[in-house]
Amino acid sequence: MSSEVSSDNPIYGPFFGVMGAASAIIFSALGAAYGTAKSGTGIAAMSVMRPELIMKSIIPVVMAGIIAIYGLVVAVLIAGALEEPSKYTLFRGFIHLGAGLSVGFSGLAAGFAIGIVGDAGVRGTAQQPRLFVGMILILIFAEVLGLYGLIVAIYLYTK
Amino acid sequence: MTNKNKKTIAGIGGPAAPSKQSKQKSEDSQDYSSFKTVLFYCMLIVFLPVITFFLMKAVVLDGFFEMSEVKVNIFSAVGAVVSLHIALGLYIYRAYFGAASSKAPKED
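Those protein sequence lines, which keep their order, are chains A and B.
Be aware that the first sequence starts at 7, since it is given in our numbering, and climbs by one per residue.
Be aware that the second sequence starts at 151, since it is given in our numbering, and climbs by one per residue.
Each computed BS3-like pair below joins lysine-lysine, with the alpha-carbon atoms no more than 27 Å apart: (1) B/Lys-207 / A/Lys-93; (2) B/Lys-221 / A/Lys-165; (3) B/Lys-221 / A/Lys-93; (4) B/Lys-173 / B/Lys-186; (5) A/Lys-165 / B/Lys-207.
Some but not every residue of chain A turned toward chain B, in silico, with C-beta under 8 Å: (6) Met-61; (7) Gly-71; (8) Ile-75; (9) Val-79; (10) Ile-142; (11) Leu-156; (12) Thr-164.
One-sided and incomplete, this derived list gives chain B residues near chain A with beta-carbon spacing under 10 Å: (13) Asp-181; (14) Ser-184; (15) Cys-192; (16) Ile-195; (17) Val-196; (18) Val-220; (19) Lys-221; (20) Ile-224; (21) Ser-226; (22) Ala-227; (23) Ala-230; (24) His-235; (25) Ile-242; (26) Arg-244; (27) Tyr-246.
Hints were generated in silico from the structure; no laboratory data involved.
From the three backbone atoms N, C-alpha and C, an ideal C-beta is built for every residue, glycine too.
Chain A with its partners taken away, still in its complex shape (with noise of 0.2 Å):
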């Protein structure tokens, strides 16, 4: 055991990289239930009067469903990735680390950013249907501040 074991392949170093796994899907997790309730709560209020903009209003939802998604696809490539401590380099440990913080936090900020603006977009589409456009502009831009995460999070993975 003791021959398998050196500086280089610690019996630690899956550790970060099954934390990179865990937290790359705990905090997109995160920021999409806080978009899917925050928005929740803005559909709920203006569903009372205009029942008939739900299809239109579930937008917010279905883009704060595809945060997580991100955050699924990078944590199956790092599970796939892990292995023993023997084949399995400290340094591949810090990079799956730094995969999995960097889609779990931009999944985060983009949860949060989609589920304010889902919650103030939809009330307003609800009064004036030609924010309708803006909202999805907005919605979209926050979306892809989760993408950036990915991108960044598969780009550290092929080191």
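The hints should help you fit chain B onto chain A, whose structure is shown.
Here is chain B on its own, set in the frame of chain A:
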């Protein structure tokens, strides 16, 4: 037969009752159709990327063995994200243009 029915309903509830009932029915069918559409697109957005990821992984891994494991993973992840955005674009297109066309029969 239908004429007779109409007469009895009109006799009992007055002229307002049947129109209210039919309005309720049309609202219900409209709600059901919009629910079906939303459910379909939500299922598409949730399951399409997952299926694409694992399908691409299996197909690419089988088709091109010379590819490294990391490359296969990257390509399937990118494919999953692209398919996800295509599904989202379809949903937004449907919500933006489909909602306008579904409004038209309501105005009649």
